[in-house]
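Chains as they are written, first to last, in our numbering: chain H, 9 to 305; chain A, 73 to 347; chain W, 20 to 455.
To be clear, the hints were calculated from the coordinates, so they are not data collected in a lab. Fair warning: there could be bad hints in the mix.
Simulated crosslink set (DSS-like; lysine-lysine; CA at most 27 Å straight-line) [what the hints assert, rightly or not]:
(1) 253/H with 258/W
(2) 83/W with 56/W
(3) 200/A with 46/W
(4) 253/H with 432/W
(5) 342/W with 291/A
(6) 451/W with 253/H
(7) 447/W with 432/W
To be clear about the criterion: a stretch of chain A counts as covered by chain H if any three or more of its residues have a C-beta under 8 Å from a C-beta of chain H, and this derived list gives those stretches [as the list claims (entries may be wrong)]:
(8) 158–171
(9) 228–234
(10) 329–336
Which residues of chain A face chain W? A few of them, derived with a C-beta cut under 7 Å, are [as the list claims (entries may be wrong)]:
(11) 130
(12) 192
(13) 195
(14) 196
(15) 199
(16) 204
(17) 283
(18) 284
(19) 299
(20) 300
(21) 301
(22) 302
(23) 303
(24) 309
Even glycine gets a Cβ: it sits at the ideal position worked out from N, Cα and C.
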Amino acid sequence: MKNLNYRNPVGVGKYTGLLLIMPFIIGFALFTLYPFAASLILGLTDYDGIYSPEFIGTENFSDMISSSEFRGAVGVTLKYTFILVPLKLTVSLLAALLLNAEIKGIGVYRTIFYLPSILGSNLAVVIMWQFLFTSGGLVDQLTETVGLPSVGWYGDGNSAMLIIVLLRLWEFGSAMILFLNALRDIPSEYYEAARVDGCGHIRSFFRITLPLLRRVIFLNLVLQTIAAMQEFSAPYMITGGGPMKSTYTIGMLIYDEMFRFHNAGYANAVSWAFFVLVTVLVLILFAVTRKKTEEDI
Amino acid sequence: MKKIPLYILMTLMAVVMIYPLLWLVGASFKTNDEIFSSAWFVPESLDLSVYKRAWETVTPFSMGHYFLNTFFIIIPKTIFAVISSVLVAYGFARFDFPLKKMFFALLMGSMFMPAIVTVMPLYSLWSKIGLHDTYVPLTIPALFAAEGAFVFMLVQFFRGVPREFDEAARIDGCGSMRVLIYILVPCIRPVIVSISVFTFLWTMNDFLTPLIMISSVEKYPLSLILRLSADSTGDGYEQKKIIAMSVIGLIPSVAVFAAAQKKFISGITAGGLSG
Amino acid sequence: MKKLFLYLAALGCMTALSSCGGRSSPKYISPDGTLDKCTIRFSWWGGDDRHEATLAALELWQQKHPEITVTPEYGGWDGWTEKVSSQISGGTAPDVMQINYDWLVSLSPDGNGFYDLELLSDQLDLSVFDDEVLSFGRMNNKLNAVTVSVSGRGLFYNSDTYKKCGVSYPGTWSQLMELGDKMSVKGCYPLDLDIQSGGTAWYLAVVYVQQDTGRQFVSMDGELGFTEEDIRMALDFYKELEERHVIRTVRERIDEDGNAALYQSPSFMDGSVGGVLEWGSSVGKYDMVLPEGVLESGPFLKNDDGNSDGWMIKPSVMYAVSKGTQYPDEAAAFMDFLLNDPECAAVLGTSRGIPASQQAEEALKKSGLLSGLAYDSDEMLSDLDAVTISPYMELPRVKEMCNSAIEKVSYGKSDTAQAAKELYTSVKEYLKKVAK
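Using the sequences and the hints given, assemble the complete structure.
See below:
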């Protein structure tokens, strides 16, 4: 071990921090290491999920790379993530700005804005969301009144993905809460000073709010990216991955291989490829924002 | 007067957010046929008997029993998650120690694997020590900061609290734990409320882990009961009953959120994230 | 992050090998011929009607055998495979399980995945089953499961729609084809076929080709029976159905409401889709959403020479005993009760289809519970020379391959020749892999 200089408060040894994170270390050893390791090993086997895995080396990985279905799922998942995450961050930040206002009845609005997120992937929500986009459904009726032609939402790959994106966008509550948590921490004197300097609302938003929110923006960016990459239940229940696999995410692929096709060895290999993909994405996010957020972990 | 446009904007948004839910409540009174044929949420007739049937469930127990089951899981889980996440996040945010970067990488990494991959090995682990079909697998992991996202959230917010606060307290003779309890925790109280609420809501909705871990119907949490009747392989199901059960199931979540929402923003305003 | 990998890899190798249990011939606990006081577990999936009926049957059992407590474990179909797979691989499977036909192939490919029921014939009366019905549950000559009911897909029509269009139910394939144009004038479709998990589109095409060629799509031991030409014929048949407006195209169909099931779709409920191909055992959900008596079962289609072969049957659900059960006698006795007991049969009714056990069927006949759509369809089917569906044809992967071929053809992404070639190769390869 290198002789590092630990920047701790006076009188605090280098093991205090280690002691504090002990719950995580123990939990990791007990509940994370084993499934991860098991999954890595099984990724190198031909395994039906029940009996006797057979070691086959990296065959699963080479199958995966040559599989158009896998490449398709990676493309769909990335596309979905890149569309959803920026939209969700923008909407949740705007909502948080609105809900930060000190007006009467704000609590009711806050609860209403969060309601969709309470529902998550509840079966009833899926029934409802399906209904919204059926031909002749509410969305169709709305577009008709505006004079737009009625489109088939589910039959086209792009609009089918949009249905899923809209569902998850509608459930922006968790990101909004974190923004709200942070917004209240910006001292109002900052805004007053800015007003004295002649800054309008918009300019003080870009000059004060955004820079001061950089940590929580980063936080939401990372958490929402991870969540979007893992998307499974919405396309599984609403579109079934179709049409023509255009909403078939990696999460669905892993599920299908694991449980429907009893191809657990391959499913585990895909999970590890997925793990690497998410790691790379998160590392990029850390690298890009390092300077701006002074991330030093 | 200045606030009127704000109200209008927020009300418009609120309508978008809430309409589908009104529809949902309305749909619980509609027949399968009516559900899909009408976009208007008000049902043709108001027949409350569906709620009675939903409450009774097809099992020997009523939904009340399953609410209790869920709370037996949620309450310890929330307490465990908050305490362990705060401690671990404090360690990462304020101290330097050997292999810190590696441990943080492991923490982040543990969030990246899809749950469906890890749940089966975990099940075989728990069943080997005979603790499957108990609430232990659903609650105990929370003692060990199992939700990496919470630690990550707390780390980010801890780092927003200026270090000068800690130092001042240390000069006054506070040890590390006292700094945490008396200085840092009050500063980020809204975040702690948030993660408690997240734990509550996410556990209410969690389906896969209880499905695999719990096999006795009497021990099912609510999320399993909500899907108990949703089966298309046989005679199909009555959608309004499923929807009615979901609506009942939402009540505690909405209540908890409404009660907690004030606390999301009323931390001690102390510089916070303006680091 | 690099370190993370190395660290995990190193520790993984050390700890995970223990997770890989080997497969050896099972050591069953032998039956001892007596029924002892114990608690056994029974698991099933289903909807409300099945839950209610089964819970009532358990009460009846408890009255008759107070010493053997049966703990029920039940839920909806969604996620049930995951649950049972985890239980089996964790060695905590329920003593008696309701299983799906294709699970025999995926959970017990060598016949050692479940208890060999022939060892339990003291408690479990197998003589009331046809030999053919029993054979459905054999893997590698071991009786792994007993068929609860046998079912086949039949055609069911909305009589109002057909009356409105002034046409009668088709009896032959060519009559079916002609209906498309006649009914589309009124804005209706004679039939609906899907590429969802059921995959009725491919099913009907298989029936058509099997009737014509006499070859079976997939044989009982998992060999592909169709030639590439046969597969092309099936896809051409499907394409013709679409082109002649007998069914909606895949796109038109999912545009309506995505992944929702047909019985929840407005077009079925308002009658603009006038027919459905469904298992007799689960047609109830279609019947329920239409006014009473409107849905009727129609004839099984023949070719113009009157040949009616090629229609198929399979076990709809089966019961199996866990190979690790501690109480084989008691589990077998309970299974016998579920399958054969006349009183139990009356309580269960047709919640799992029409019983395959002759004793149970008799009991239902006596109590007048055998009537209705499912029964009509089953009766008609039993007059035909039906083919038994291979469990390999029911494998989700095979279904998936066939469904995507149909989807590609329907969307015009590939012509039938190309799609047939791909489907032939992929199914052949996959079957070679699983049917070792």
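query = Against chain W, is residue 199/A within 7 Å by beta-carbon distance?
reply = This interface hint holds because 4 Å falls under the 7 Å limit.
key: Given coverage of the region 158–171 of chain A by chain H, checked by CB-CB distance under 8 Å (3 or more)   = Contact hint for the region 158–171 of chain A vs chain H: holds, 10 residues under 8 Å.
Pair hint outcome, residue 451/W versus residue 253/H [Cα-Cα no greater than 27 Å] = Given pair residue 451/W, residue 253/H holds - Cα atoms ~26 Å apart, limit 27 Å.
inquiry  = Less than 7 Å between beta-carbons is the criterion; does residue 192/A satisfy it with respect to chain W?
reply    = 5 Å, holds
message = With the threshold set at 27 Å, check whether the alpha-carbon distance from residue 447/W to residue 432/W stays at or below it.
response = 22 Å, holds
key: Status of the hint placing residue 302/A at chain W (closest C-beta pair under 7 Å)   = This hint holds: residue 302/A lies near chain W, its Cβ roughly 4 Å from the closest one there, short of 7 Å.
ask   = Was the hint right that residue 309/A lines chain W, CB cutoff 7 Å?
value = Where the cut-off is 7 Å and the nearest Cβ of chain W is about 5 Å from residue 309/A, the hint holds.
request  = Mind checking the CB of residue 204/A against every CB in chain W and telling me if the closest is under 7 Å?
outcome  = 6 Å, holds
query = Given the hinted pair residue 253/H and residue 432/W, is their alpha-carbon gap at most 27 Å?
reply = 13 Å, holds
task = Please verify that hint: residue 195/A, Cβ, nearest Cβ of chain W, below 7 Å or not.
result = This interface hint holds because 5 Å falls under the 7 Å limit.
query = Does the alpha-carbon distance linking residue 253/H and residue 258/W stay inside the 27 Å limit?
reply = 20 Å, holds
task = Double-check residue 301/A for me: the hint is only fine if its C-beta lies closer than 7 Å to a C-beta in chain W.
result = 5 Å, holds
The structure is consistent with each of the numbered hints, conforming to all of them.
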